[in-house]
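In case you want the letters, here they are:
Number of protein chains: 2
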Amino acid sequence: MSSFHFTIDAECPDSWARAGTISTPHGTILTPIFMPVGTQATVKSVSPEELRAAGAQIILANTYHLMLRPGSSLVAEFGGLHSFMHWDGPILTDSGGFQVWSLGHLRKLNEDGVTFKSHLDGSYHILTPERVMEIEAELGSDIILPLDICAPYPCSPLEARKAMENTHRWEERALIAKERHRPEQTLFGIVQGAFEPELRRESARVIGNMPFPGLSIGGLSVGEPKAQMWEMLRHVTPELPRDKPRHLLGVGSPEDMVMGVGLGMDMFDCVLPTRVARHGGLFTATGRVNIKSSRFRTVRGPIEEGCDCYTCRNYSAGYVHHLIRAEEQLYYRLGTIHNVHFMLRLAAQLRAAIQAGTYTQFRDEFLARYVPASEQVREQQREKWKAARERQADVR
Amino acid sequence: MSSFHFTIDAECPDSWARAGTISTPHGTILTPIFMPVGTQATVKSVSPEELRAAGAQIILANTYHLMLRPGSSLVAEFGGLHSFMHWDGPILTDSGGFQVWSLGHLRKLNEDGVTFKSHLDGSYHILTPERVMEIEAELGSDIILPLDICAPYPCSPLEARKAMENTHRWEERALIAKERHRPEQTLFGIVQGAFEPELRRESARVIGNMPFPGLSIGGLSVGEPKAQMWEMLRHVTPELPRDKPRHLLGVGSPEDMVMGVGLGMDMFDCVLPTRVARHGGLFTATGRVNIKSSRFRTVRGPIEEGCDCYTCRNYSAGYVHHLIRAEEQLYYRLGTIHNVHFMLRLAAQLRAAIQAGTYTQFRDEFLARYVPASEQVREQQREKWKAARERQADVR
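Heads up: the sequence lines are chains A and B, in that order. Quick note on the UniProt record's numbering: the first sequence kicks off at 1 and runs consecutively. Quick note on the UniProt record's numbering: the second sequence kicks off at 1 and runs consecutively.
Hints in this document: simulated from the structure, not taken from any laboratory. Be careful, since some hints might not be right.
Cut-off 27 Å, straight-line C-alpha distance, at most; resulting in silico cross-link-like pairs (BS3-like, lysine-lysine) [as the list claims (entries may be wrong)]: (1) Lys-117/B - Lys-292/A; (2) Lys-117/A - Lys-292/B; (3) Lys-292/A - Lys-384/A.
Far from chain B by the CB rule (all over 12 Å, computed), these chain A residues [to be verified]: (4) Thr-28; (5) Ser-123; (6) Val-206; (7) His-235; (8) Arg-369.
Here are some chain A residues pointing at chain B (derived, C-beta under 8 Å) [unchecked claim]: (9) Leu-74; (10) Phe-84; (11) Met-85; (12) Arg-297; (13) Thr-298; (14) Asn-314; (15) Ser-316; (16) Gly-318; (17) Tyr-319; (18) His-322; (19) Glu-328; (20) Gln-329; (21) Leu-330; (22) Tyr-332.
Built from N, CA and C at the ideal position, the CB exists for glycine as well.
Sequences and hints are given; from them, build the entire structure.
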């Protein structure tokens, strides 16, 4: 039997924010929570011990990447992902669907599933709702997601409806197929519906009523303006059952997590904190700084005063600046640790604020202080990453 | 006053091997010892805590690289190298001379010193024996080396003599200049003489009689066959004072350290263990293996059975293989930790054997078991690294 369990510890009187506790076979997660992304069975540049020390309670790994390399059956031979990658805490795996659309080539969709060519070696693969359940059983993660279709942005209302209905049918098949595999794994449902309010509400009702112990909101943060993403959540959340944890897939930045919590989301995952760290973007209370900037060359204090991450406790901003300028590998680790710790400290602060009944005040103060990367900078980065996608296997 | 002190704890009756203890302001070093190389104030991909855990007692940093970036005066502003890089153990800095010849451009030598163009930005720099003492005082390392001339291989006997005599004059100037700086630093002398037995003996006598508390043997491992390197040490060691620690500059591999100890050397440094690790070459008792090889894909055991390094204690060879195949940064760290730990465990085993009076037996058994990389593979790697030199700043 699954030991999965979700309890609500506190709710915000002025928003949809809540603080909860999720029990899994590999330990407990206090929500709201940020999940660092370990795309290829490793969170880039950091060790499991460092993730723990930075406050990580659960990580996400990508089914698409792992099925292609090293292969899910090989991971199973090693005793599953936890043992393979030396992380004994909870793991969530996505379904691979998102990467099929963003990374795979020559995709061919039919009612049964999707055929695609691997971005690594051009080999052909087929994913069906049933096959995804089998792969995730081999990976052995604690929380698994069903195959879904992430509609592109923008897309026509008809296309959005077709993708949503197809996803719903696949999710029913996933629920059935899952019965044949590991009972200790928990299958979340995925809400789709693109940017059509009516579809979003419908998807939330349909999936919310299926016997999924938790729900992921998919198809957001795919290039739309942020206001549109929040607008969709305003339609989705009221339709969701209160007693199931809610995961906002692929989101986000510090300010996105702060906003998303108020719109009823409990779990967040995104490569952004680790990816921008590798490019020199480090989080502070007043916004993201670029540690490559020459203004850090002589700074003897830490990246952020008062930060108690490993990096800030032991290294000056000037040394971290030296490492990235010299393209030294230790930089990537120190930057990543700082940003992961920032996200997890922020999650803990959000939880404490919800428990104290002061979430909306915390949110407003945070957003007033924290200057997000401008839309222009974000657009430039998206273009850069899109180009990098062609070369690299590090997306989502 | 310097707290530098060297005592001999045991001597081998059948070779020139000895076990000793070196005291420095930042701690004690048990010899024979391998010194990991932290070229740019970081041992590539590993943290100071990981170096300690792998058994590191002293590390080496490169004056040439640090004077160019971030600059020795900046390092001084951060309280010196120890504080800058968060390593509180002993540090040895070389003189920069070797890199001027291997990396710098448009070198111009005269009696006063050497002018060269930076490999980073083409800027002009002058090194003199006096300036090097000033730079190393700013870096604040425990053991410092004087500016020397490393004759190319091969070179004429006349060229070898001129370089040696010039080096001797510079070393006298370094001794005088050093008086103006930090008394807690210890200046080693450097023995040169290229591959001329007579010059090697003369240099050992001259430098051995100057008031240096320790001696580095330079100009070896510069492309000559190994037999020729060992032949030179057979001329040098008998001329050296017994009571000063002896450092074999830029050497070497596991088999080189085992051999060098028997020829009277106490300290070793080389980028080889960390560099080959980054390319997939990992040390085991029977020789170097290539972890990229598909034969490791399904190996659930560690890289080396019985190895107690962090990598082998926590990760399968199959996972380490996955990481390097996926070009994941965590690989570089795990591989480097294994090789550094291997070198330091080997150094400890050599010390124990000397103390037990069984060094020659240990050496013969080690060399019988350990298959070194073939001369052909070594030559190929040298060519690759020479090419990489043009692009990168990671040499020596």
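Quick rundown of the hints versus the structure:
Distance check on the hinted pair: Lys-117/B and Lys-292/A sit about 25 Å apart at the alpha-carbon level, within 27 Å; holds. As the CA atoms of Lys-117/A and Lys-292/B are separated by approximately 25 Å, the hinted pair is consistent with the 27 Å bound. Distance hint between Lys-292/A and Lys-384/A is fulfilled; the C-alpha atoms sit about 18 Å from each other, no more than 27 Å. For Thr-28/A, the requirement that its beta carbon stay farther than 12 Å from each beta carbon of chain B is met, with the minimum near 23 Å.
Taking the minimum C-beta to C-beta distance to chain B, about 15 Å, the non-interface status of Ser-123/A holds against the 12 Å cut. In this structure Val-206/A is separated from chain B by more than 12 Å, as the shortest Cβ-Cβ distance comes to about 37 Å. His-235/A, annotated as away from the interface, keeps every beta carbon of chain B farther than 12 Å; the closest lies near 39 Å. Once the 12 Å rule is applied to beta carbons, Arg-369/A is consistent with being away from chain B; the minimum gap is 29 Å.
A hinted interface residue such as Leu-74/A counts as satisfied when its beta carbon comes closer than 8 Å to some beta carbon of chain B; here the least separation is about 7 Å, so the hint holds. At about 6 Å, the closest approach between the beta carbon of Phe-84/A and any beta carbon in chain B falls short of 8 Å, and the interface hint on this residue holds. Of the supplied interface hints, the one on Met-85/A holds, with its beta-carbon coming within about 7 Å of a beta-carbon of chain B, less than 8 Å. Proximity of Arg-297/A to chain B holds as hinted, the smallest CB-CB distance being about 7 Å (cut-off 8 Å).
Checking Thr-298/A against chain B: minimum C-beta separation of about 7 Å stays under 8 Å; hint holds. Taking 8 Å as the C-beta cut-off, the interface hint given for Asn-314/A holds, the closest approach to chain B being about 5 Å. Of the supplied interface hints, the one on Ser-316/A holds, with its beta-carbon coming within about 6 Å of a beta-carbon of chain B, less than 8 Å. Hint status for Gly-318/A relative to chain B: holds, with the closest Cβ pair at about 6 Å, below 8 Å.
At a threshold of 8 Å, the smallest CB-CB gap from Tyr-319/A to chain B is about 6 Å, leaving the interface hint in force. Taking 8 Å as the C-beta cut-off, the interface hint given for His-322/A holds, the closest approach to chain B being about 5 Å. For Glu-328/A, the interface hint holds, since its Cβ comes within 8 Å of a Cβ in chain B; the closest pair sits about 5 Å apart. With 8 Å as the threshold, the beta carbon of Gln-329/A comes within range of chain B, its nearest partner Cβ sitting at about 4 Å, so the hint holds.
Interface hint status for Leu-330/A: upheld, as the beta-carbon distance to the closest one in chain B is roughly 5 Å, under 8 Å. Hint on Tyr-332/A holds. Least Cβ distance to chain B is approximately 6 Å, under the 8 Å limit.
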